[in-house]
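Undergrad: Per the UniProt record's numbering, the sequence shown starts with residue 1, numbered consecutively.
Hint data in this document are derived by calculation from the structure and do not stem from the laboratory.
No experiment lies behind these values; they were computed from the predicted model shown.
A few of these clues could be false.
[Stated by the list, open to error] The calculated label-pair distances, taken between Cβ atoms and stated as ranges, are: (1) Leu-57 x Ser-118: 28 to 38 Å; (2) Ala-17 x Trp-56: 20 to 30 Å; (3) Gly-178 x Ile-74: 34 to 44 Å; (4) Thr-218 x Ile-21: 14 to 24 Å; (5) Val-9 x Trp-56: 28 to 38 Å; (6) Gly-117 x Arg-161: 16 to 26 Å; (7) Ala-13 x Ser-94: 10 to 20 Å; (8) Ile-74 x Met-150: 16 to 26 Å; (9) Gly-178 x Trp-16: 37 to 47 Å; (10) Ser-27 x Ile-170: 43 to 53 Å; (11) Asp-48 x Thr-171: 15 to 25 Å; (12) Thr-218 x Tyr-45: 28 to 38 Å; (13) Arg-167 x Leu-97: 11 to 21 Å.
Virtual Cβ for every residue (Gly too), placed ideally from N, Cα, C.
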Amino acid sequence: MFNLPAVIVWMLALMWALQLIRDFVLSRAQDVHVLIEGGFIPLRYAIDSSEQSLAWLWTPLTYSLLHGGFAHLIVNSIWLMAFGAIVARRIGVSKFLIFWAFSAVASAALYWFANQGSNVPMIGASGVVSALMGAAARFAFPMSGQFNRMYAHLLPRLSLREAMTNRTVITYVAIWFGINALAAFGFSGGVADGAQIAWEAHIGGFLFGFFLFPLFDTRQPG
1 MFNLPAVIVW
11 MLALMWALQL
21 IRDFVLSRAQ
31 DVHVLIEGGF
41 IPLRYAIDSS
51 EQSLAWLWTP
61 LTYSLLHGGF
71 AHLIVNSIWL
81 MAFGAIVARR
91 IGVSKFLIFW
101 AFSAVASAAL
111 YWFANQGSNV
121 PMIGASGVVS
131 ALMGAAARFA
141 FPMSGQFNRM
151 YAHLLPRLSL
161 REAMTNRTVI
171 TYVAIWFGIN
181 ALAAFGFSGG
191 VADGAQIAWE
201 AHIGGFLFGF
211 FLFPLFDTRQ
221 PG
């Protein structure tokens, strides 16, 4: 964590600042307003835009900066440091921020498709983190299977064929989808009562990162 790219530190600082403000500065009513105006609500897109605020424009992105509590934030922070760092080192600050924005939208899109009638705000960077994990699967695990966190960003990008025949990648993807399958069937893994895991957003993000990462990566595949 002491060798994190600056953009990861900035994103962590932003998410933690928002959580601290929500918990210790805002009133309960103000916090609810933040969740409504900043969280992604599928039902919002079934209502005429003239009958609501402009939140439908920015919430497919801003939801990724809000969290359901410090436990939620800590988990996402750990995974962001682990996988976001190697992606950021590989593609640089500007492309990383663009990747964040597009992966947030992609995650929200699949969540919307599966929950169009929901009026519950979805929040959290889990979809983006999943996209970063999907992106990492395209270059961080060499065919030899030896992973090195500090130098993974220098490895050649795997083609889809290479990735799908790489035992380490296959195991990694299978475990990731297995964990999300448990969430889909109701296993919360310690999530707070009343909260739900947006596994659809996780899958949307992972698929985006895995298949579309080459659009952000200027390095030639191996």
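Undergrad: If you check the beta carbons of Thr-218 and Tyr-45, does the distance land in 28 to 38 Å?
TA: Since Thr-218 and Tyr-45 have Cβ atoms about 34 Å apart, the given range 28 to 38 Å holds.
Undergrad: Confirm or reject the claim that Thr-218 and Ile-21 have a C-beta distance inside 14 to 24 Å.
TA: For Thr-218 and Ile-21 the Cβ distance comes to about 37 Å; the hint is violated.
Undergrad: Taking the CB of Ser-27 and the CB of Ile-170, does the distance hold inside 43 to 53 Å?
TA: Cβ of Ser-27 to Cβ of Ile-170: about 49 Å, so the range 43 to 53 Å holds.
Undergrad: Okay, Val-9 versus Trp-56 on CB: inside 28 to 38 Å?
TA: The hinted range 28 to 38 Å holds for Val-9 and Trp-56, with Cβ atoms some 31 Å apart.
Undergrad: Between Gly-178 and Ile-74, is the Cβ distance one that fits in 34 to 44 Å?
TA: violated (23 Å)
Undergrad: Just to be sure I understand the hint, the distance between the Cβ atoms of Leu-57 and Ser-118 should be within 28 to 38 Å; is that true here?
TA: violated (19 Å)
Undergrad: Starting from the range 11 to 21 Å, see whether the pair Arg-167 and Leu-97 falls in it by beta-carbon distance.
TA: violated (33 Å)
Undergrad: Between Ala-13 and Ser-94, does the C-beta distance stay in 10 to 20 Å?
TA: holds (18 Å)
Undergrad: Quick check on a hinted range of 37 to 47 Å for Gly-178 and Trp-16, using CB atoms only.
TA: Violated, since Gly-178 and Trp-16 (Cβ atoms, about 30 Å apart) do not stay within the stated range.
Undergrad: Hint says 16 to 26 Å; check whether the CB-CB distance for Gly-117 and Arg-161 agrees.
TA: violated (40 Å)
Undergrad: For the range 16 to 26 Å, tell me whether the beta carbons of Ile-74 and Met-150 fit it or not.
TA: 23 Å Cβ-Cβ, so the 16 to 26 Å window holds.
Undergrad: Does the Cβ distance between Asp-48 and Thr-171 fall inside 15 to 25 Å?
TA: violated (48 Å)
Checked against the numbered hints given earlier, the structure breaks hints 1, 3, 4, 6, 9, 11, 13 and satisfies all the rest.
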